[in-house]
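J.: These are the residues of each chain, in order.
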Amino acid sequence: MTTVEDAHALVKAPPLRTRLTQRPRTTTGPFSWITTVDHKKIAIMYGALALFFFLVGGIEALFIRLQLAQPNGTILSAARYNEFFTMHGTTMVFLMGMPLAAAFGNYLVPLMIGARDVAFPRLNMLGFWIFAFGGIFIYSSFGLGGAPNGGWFGYAPLTSTPMSAGLLPGRGVDFWCVGLIMLGIGSVATSVNFLVTILNMRAPGMTMMRMPVFVWMMLVIAFLTLFAMPPVTAALIMVFMDRNFHTNFFNAAAGGDPLVYQNLFWIFGHPEVYILILPGMGIVSEILPVFSRKPLFGYSIVVFSGIAIGFLGWGVWAHHMFASGLGPIAVSAFGLSTMLIAIPTGVKIFNWLGTVWGGAVRLRTPMLFALGFIAQFTIGGLSGVMHSIVPSDTQQTDTYFVVAHFHYVLFGGLVFAIFGGFYYWWPKFFGKMLNEQMGKLNFWLLVIGFNLTFFPMHFLGFEGQPRRTYTYPSGMGWDTMNLLATIGAFIIALGVLVFLVNVIFTARRGEPAPADPWDARTLEWSIPSPPPEYNFATVPIVTHLDDYWHRKYTEDDEGRLVKLPAGAAIDTDAATEAAVDPHSIHMPSPSYWPLVFAMALPIIGYGFVFKNWYLLALGVVWGFFGLNGWAYEPATEPDAGEGH
Amino acid sequence: MAQAVVTAGPGELAHGGDPEHYTNTGVSNAKLAIWLFLSSEALFFGAFISTYFLYRGRDAQYLNKGVQNPLTPDRLFNIPFTSITSFVLLMSSLTMVLALAAIQRGDHRRLRIWLLATALFGLTFVGGQVFEFTEFYRHGLHLSTNMFGTTFYVLTGLHGAHVTMGIIWLLILWGRSMGDRLPTEKHEAVEIAGLYWHFVDIVWIFIFTAVYLIPQH
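Going down the list, the protein sequences come from chains A and B. At position 546 of the first sequence (counting the first as 1) the number is 546 in this note's numbering, and the numbers step up by one without a gap. Converting from the second sequence to this note's numbering requires adding 1000 to each position, the first position being numbered 1.
No wet-lab data here; the hints were simulated from the structure. Note that beta-carbon positions come from the ideal geometry of N, C-alpha and C, so glycine has one too. The reader is advised that the hints may include incorrect statements.
Chain A is faced by these chain B residues, among others (derived, beta-carbon under 10 Å) [said to hold, decoys possible]: (1) S1028; (2) N1029; (3) L1043; (4) F1045; (5) R1058; (6) D1059; (7) T1072; (8) F1081; (9) L1094; (10) V1097; (11) A1101; (12) Q1104; (13) G1149; (14) L1173.
To list a few chain A residues with every Cβ distance to chain B over 12 Å, as calculated [claimed, not checked]: (15) F120; (16) F153; (17) N248; (18) R468; (19) A631.
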């Protein structure tokens, strides 16, 4: 047919290339990681870097807790405290939560839908490099005149007042604005990629309603990211312009309105909450059926609840602004919509419970984390419903009660789901089982540490301790609770340390994992661990929801499970993988251009922050050099596959 | 999404023709991606246009209050001039369509002519905008002068930046065509650039209406 012959015909005379511009070919060795377009390698890089930022953000949190362990703490100055709580929030949302979702999504979405890669492999790599450079860019502010210190929400006009006015010392907010705009560009690119992959590249028979719930949740968050990023980008541009070019967007003397900022930010900010939690819900929905040996209870209800959360998530943003004087009608409407969103969330919790109910439950580490997720997320969800009651919310605004609430959903929820996901898919990612004893220790340390840290904060909030304040006097009755929270934070740190030890131990002495260690249900377990570069030697043909399960088991007349004889599975199981010659499979070729193009963004960023127009011009020219090179390079080299 | 999306049967690959280009939705990956990207861009401009409307007319109560001959839109705008450059921009959508039609029937000479014509029309529009900005600046309207200065320059400036990106995109396509790297089979590359170009034009229709045509004082 077409492809190879045509592609040869296109390039009439092969262009003369110097060594410098020669396309990279190697797909093994350390250098290949820089130019790879393999979604699995990109996922591992996302995961590793996001875990690094998780540790950095965690260390910032430990300093915050040390400072607050006792009244009148002196470990951090007020200025340093502002930087640390701002960067803790910014890091955990943009450099840990979202990239970890991208890591799991990148690795698993193509495998779960039976695809060989994502739709745009080079765009995928670009997303990773933008994340890496964006993170480094924001953190470089610590050495370049002060870190961001206006909170992760960056309320104008505090942040938008020019630096010379001295409200917020340092250039931190400039770094924050430009860095988040960069990360937003990367997130939108990654979302487009996920959307096209899921909508367009499913294996034959993999209809939408046969997709694993995790893939569905990635689809929903990709839509949310696509539409949530533009408003916040606009808001960040306005803040940056106000600070640096004396525009009047949030200048009250010119008629500027702080509520414009708050609306633009929270139109992004609330969907962002679901961008963070929905992947966690997806992971849990994969783990629970496997370790209960039952299909997910009410698959379609779980899917539609996820979609409903995605839609309703757009109509609740103003509950972050109840204390800002919106007026009774707006406040009532947003209070009601906030109550409404508890319905699909609650439905999901009952579905998960229904999945476990009556199942042959195996309490392995992934299952423990999934169960921990349900319990803790429910507590966080309930305190969330409390916030929909406006008078109560007004009382709790800016107190530690809010801190307790969102850590219950984002740490007790998302982080637990992510650890569960690590233990569940680690054998697939790296071909080795994480140690089970250390895994259980890891789980219990996190449960104890987490609840000890954040449960007391509910009471601290009711007693009026304000958040974002670097110290408190003694005699307020807050001392014991704060000390407990600090002790809890260090137990969390110990739990994370156990995880890292487990990772190193497993890399050295972990037991090798078979293709399907958990007797699981979805397609990624039908191929070897770790999967080959091309994922599926022959593209699977899907006939059921939980297709892989139905290749292994059938039911007898009384509805009991009967194992099918080995080899009865139709096409791609581990045995037939070896029979196909991998060289006959055309995979996208590695490329330098994503890296080259992504490098332009921090250069442009530094140009803006330091108002160095030469640097800015250099960045722009560099960017066009990258784009031009990218445009001329085919996704797959016509003669690829002969090299390795 | 249509139900047709969901009905990829097992036989699909066999009779779907070219397996390299088979997609579940029937829309090619690149075209689906540009539509999604443009939907995101629509919200970006939506945010700035909303902000423009929210702040419209606030100058009378704030920075223009008590100022003699304040810098208001009706004093500064030269509607006939901007109408002409807007018309040129709209006509560039026509030449864009002609470029796509040319490559689809394999006429690469006309493809290059229409790509250059589109870029030139775009450049005329951006040139008009530069002239307009310079004029306003010389009359004393700066970013910081009043809310009109702030919202006008930022909204129309960001649109101008998008047109500029489009011009560069067209020129890259033109360069590829000159180097024989844009064969007839790759006509979708022109179509996708065209979708972006039309989008930017449509956004201008909204901005032109919102900023220039709806009277304000």
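J.: All hints, please: hold or fail.
T.: Cross-check of the supplied hints:
| no. | hint | verdict |
| --- | --- | --- |
| 1 | S1028 | holds (8 Å) |
| 2 | N1029 | holds (4 Å) |
| 3 | L1043 | holds (4 Å) |
| 4 | F1045 | holds (8 Å) |
| 5 | R1058 | holds (3 Å) |
| 6 | D1059 | holds (7 Å) |
| 7 | T1072 | violated (14 Å) |
| 8 | F1081 | violated (25 Å) |
| 9 | L1094 | violated (25 Å) |
| 10 | V1097 | violated (22 Å) |
| 11 | A1101 | violated (22 Å) |
| 12 | Q1104 | violated (17 Å) |
| 13 | G1149 | holds (8 Å) |
| 14 | L1173 | holds (8 Å) |
| 15 | F120 | violated (7 Å) |
| 16 | F153 | holds (17 Å) |
| 17 | N248 | violated (4 Å) |
| 18 | R468 | holds (27 Å) |
| 19 | A631 | violated (5 Å) |
Comparing the model with each numbered hint stated earlier shows that hints 7, 8, 9, 10, 11, 12, 15, 17 and 19 do not hold.
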